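Whole structure, please, built from the sequences with the hints as guidance.
2 protein chains.
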Amino acid sequence: MAARDRAASLSDGQRIAWLRLIRTDNVGPATFRQLLNRFGSAEAALDALPDLLKRSAKPVRIASQSAAEDEIAGLMRFGARLVASSEPDYPELLHHIAQAPPILTLAGGANLDWQRTVGVVGARNASSAGIKMTRMLAGDLGERGYTVVSGLARGIDTAAHRASLQTGTIAVLAGGFDKIYPDENIPLAHDILDNGGALLTEMPLGWEPRARDFPRRNRLVSGLSLGIVVVEAAKRSGSLITARLALEQNRDVFAVPGSPLDPRAEGGNALIQQGAKLITCADDIVETLGSADPARQALFDRDWEPDLMPDAPLPGADDKTRLLQALTATPIDVDELIRQSGLSAAAMQMLLLELDLAGQIEWSSGQLVALKY
Amino acid sequence: MAARDRAASLSDGQRIAWLRLIRTDNVGPATFRQLLNRFGSAEAALDALPDLLKRSAKPVRIASQSAAEDEIAGLMRFGARLVASSEPDYPELLHHIAQAPPILTLAGGANLDWQRTVGVVGARNASSAGIKMTRMLAGDLGERGYTVVSGLARGIDTAAHRASLQTGTIAVLAGGFDKIYPDENIPLAHDILDNGGALLTEMPLGWEPRARDFPRRNRLVSGLSLGIVVVEAAKRSGSLITARLALEQNRDVFAVPGSPLDPRAEGGNALIQQGAKLITCADDIVETLGSADPARQALFDRDWEPDLMPDAPLPGADDKTRLLQALTATPIDVDELIRQSGLSAAAMQMLLLELDLAGQIEWSSGQLVALKY
Numbered sequence: 001m002a003a004r005d006r007a008a009s010l011s012d013g014q015r016i017a018w019l020r021l022i023r024t025d026n027v028g029p030a031t032f033r034q035l036l037n038r039f040g041s042a043e044a045a046l047d048a049l050p051d052l053l054k055r056s057a058k059p060v061r062i063a064s065q066s067a068a069e070d071e072i073a074g075l076m077r078f079g080a081r082l083v084a085s086s087e088p089d090y091p092e093l094l095h096h097i098a099q100a101p102p103i104l105t106l107a108g109g110a111n112l113d114w115q116r117t118v119g120v121v122g123a124r125n126a127s128s129a130g131i132k133m134t135r136m137l138a139g140d141l142g143e144r145g146y147t148v149v150s151g152l153a154r155g156i157d158t159a160a161h162r163a164s165l166q167t168g169t170i171a172v173l174a175g176g177f178d179k180i181y182p183d184e185n186i187p188l189a190h191d192i193l194d195n196g197g198a199l200l201t202e203m204p205l206g207w208e209p210r211a212r213d214f215p216r217r218n219r220l221v222s223g224l225s226l227g228i229v230v231v232e233a234a235k236r237s238g239s240l241i242t243a244r245l246a247l248e249q250n251r252d253v254f255a256v257p258g259s260p261l262d263p264r265a266e267g268g269n270a271l272i273q274q275g276a277k278l279i280t281c282a283d284d285i286v287e288t289l290g291s292a293d294p295a296r297q298a299l300f301d302r303d304w305e306p307d308l309m310p311d312a313p314l315p316g317a318d319d320k321t322r323l324l325q326a327l328t329a330t331p332i333d334v335d336e337l338i339r340q341s342g343l344s345a346a347a348m349q350m351l352l353l354e355l356d357l358a359g360q361i362e363w364s365s366g367q368l369v370a371l372k373y
Numbered sequence: 001m002a003a004r005d006r007a008a009s010l011s012d013g014q015r016i017a018w019l020r021l022i023r024t025d026n027v028g029p030a031t032f033r034q035l036l037n038r039f040g041s042a043e044a045a046l047d048a049l050p051d052l053l054k055r056s057a058k059p060v061r062i063a064s065q066s067a068a069e070d071e072i073a074g075l076m077r078f079g080a081r082l083v084a085s086s087e088p089d090y091p092e093l094l095h096h097i098a099q100a101p102p103i104l105t106l107a108g109g110a111n112l113d114w115q116r117t118v119g120v121v122g123a124r125n126a127s128s129a130g131i132k133m134t135r136m137l138a139g140d141l142g143e144r145g146y147t148v149v150s151g152l153a154r155g156i157d158t159a160a161h162r163a164s165l166q167t168g169t170i171a172v173l174a175g176g177f178d179k180i181y182p183d184e185n186i187p188l189a190h191d192i193l194d195n196g197g198a199l200l201t202e203m204p205l206g207w208e209p210r211a212r213d214f215p216r217r218n219r220l221v222s223g224l225s226l227g228i229v230v231v232e233a234a235k236r237s238g239s240l241i242t243a244r245l246a247l248e249q250n251r252d253v254f255a256v257p258g259s260p261l262d263p264r265a266e267g268g269n270a271l272i273q274q275g276a277k278l279i280t281c282a283d284d285i286v287e288t289l290g291s292a293d294p295a296r297q298a299l300f301d302r303d304w305e306p307d308l309m310p311d312a313p314l315p316g317a318d319d320k321t322r323l324l325q326a327l328t329a330t331p332i333d334v335d336e337l338i339r340q341s342g343l344s345a346a347a348m349q350m351l352l353l354e355l356d357l358a359g360q361i362e363w364s365s366g367q368l369v370a371l372k373y
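For the protein sequence lines, the chains are A and B, in the order given. Going by the working numbering, the first residue of the first sequence is number 1, and it counts up by one from there. Going by the working numbering, the first residue of the second sequence is number 1, and it counts up by one from there.
Errors might be hidden in some of the hints.
[What the hints assert, rightly or not] Stretches of chain A that chain B covers, calculated by requiring three or more beta carbons in the stretch to come under 8 angstroms of a beta carbon on chain B: (1) 124 to 138; (2) 145 to 153; (3) 259 to 269.
[What the hints assert, rightly or not] Straight line, CA to CA, 20 angstroms or less: simulated SDA-like cross-link-like pairs of lysine to any residue: (4) A:K277 <-> B:Q274; (5) B:K235 <-> A:P263; (6) A:K235 <-> B:K235; (7) B:K277 <-> A:D262; (8) B:K132 <-> A:P263.
[Claimed, not checked] So the derived label-pair ranges between C-beta atoms look like this: (9) B:P331 <-> A:G275: 34 to 40 angstroms; (10) A:G145 <-> B:P187: 43 to 49 angstroms; (11) A:S291 <-> B:P331: 29 to 35 angstroms; (12) A:G28 <-> B:E143: 37 to 43 angstroms; (13) A:K235 <-> B:L371: 56 to 62 angstroms; (14) A:S291 <-> B:K58: 48 to 54 angstroms.
Bear in mind the hints are in silico, worked out from the structure with no lab data behind them. Just so we're clear, the structure is a prediction, and the values are computed from it rather than from any experiment. Positions of the beta carbon are idealized from the N, C-alpha and C atoms, including for glycine.
Put into structure tokens, the structure is as follows:
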């Protein structure tokens, strides 16, 4: 979204249209933006969907008006609301990540500092030393004016939220607002809201978090943070995924070192070897973030939105067949596809959007496209 | 010493002259080299000393022929010998450090690899985890063909030597060959020699090590090594001094990380923050050393030897007074002194040598000179 698009709140009707569009099958953040760019508004995109989907091999469910209204009513009962990326209270830092959610479910956090934020992540089966370290770090970060972001998981996440309850903390959920995981942290979620903290998720109400939803959630933990600190992490762990996502998002990555004899230090030590900053206290983090170039946010901006021609006609069935023959499971650059197929850029974008909505293709790195099997 | 000077072994007479010269009051490695450069040989320098010292305010003791002969005889009884820096079996890596000892006392080590060397240093009051880590590192380094260098101290040093007894280890002493410290490590010293390892020192036979001799010794531990690894070290510790010296000598510095909650990890973590490489196993070290540019040794060479004119006349008493008035406790560059005093470079060098021998000046960084108070 360009800055000019973010000024105003949505009307109720617009909000319902945004919600229906993002809750529609095969519409992720990237497709959502393409549809908005192509058709000018969520309402217009919804109107155009039946036509775009009529050549789809498999049926695609478009979220209904009543389902959207039910979700909004359900969220209100939980004290949560929807915030669209075009609205003023959408977290600024999230605008600068790839695949930013077009719409978030959010509760609390009205008085939090959403700009001075540090993600604190680590092992669920944390050691007592790891818990103690987390308490020190999150407590001290809070005292220094930073909001602590984490994932409400057991272990390090829990310690991070608890230590920053008074100073401000944000918990990002992997499932729906009514499906807090793990159950044992439901009281913590209440404590966070009672203390002015925030809970947020991009998933629909009622969504049970599955394994693959956690890495997706982790990109929001890092995306909401100026930097993330990994306290304890095994070699292959969700915390390391968060660290990788943070680097892709141009965030700082900090890691707490540990003895090589301790398996829970393997992830952090490896991160440091790969260039993460070794930290031993909150001041190490504050120093780095404090000296970060304020112009750095410009670096976050990704010029990934396609230049669609709004008036381009829908390409013919022949063009679609030609494109499907050109695609394989190997990701290929869109520009290369255009050169090889002889299609116009506008026609290519429309066809890819159609295939995307039909669930026939998948994107990697935002610019590479492949057939989905 | 230039390479051409290192080809041949010394005659017995030359060796005694070298020993007498380095054992003379106020003659350190730098002064020793200046004297050799000025007079062409240790014998000629000894002949010139009385004349150079006749204007000295305080008496300066010149080591006698009989004292030198006694030291050599004493060393023979301990199975040790003297090796001069001009001789072929002087450790090659030591040629590339500032203040390299002109003469070493050495025992054993005939079949060691003196080029593939890693210094392993750390706390005397090591933790059991630190000891275990050291055993793993030193043992694995030995298996990979590296000789382990350390300082025969309690704790980490002891563990490093013990773990590399079979594969080769070098212990550098802070005192005389007959004054092994601590007493409890005399059996370890014997074990090192029995297994083909080496013991060495630059200090005279009979020298009891004092506190300030340990940093001096540490420069030889790092100087004999391609890189050093710090296993456990408190914030202000001898191991950190060794690390600093290693950096000055252009050696690699590695550190084992540890929990910020462990005071014995403070030094290592701080080193990593300052740029030392975090390592968790011997392979991390071997990879870095293996990929080190073989031409790196050229970087070690320091062109610090003054260009003395052998035929320059001894400057007059007026010149000496003028120089003493120009000097203060604040170190000043020799070139600046020459410009300010109007003395020739040759006269300046001779005067500084004379003041050096009289114990009136001290050098820092090899090029800066100051009055000694």
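Quick one: which hint numbers does this structure break? Sort them smallest to largest.
2, 5, 6, 10, 12
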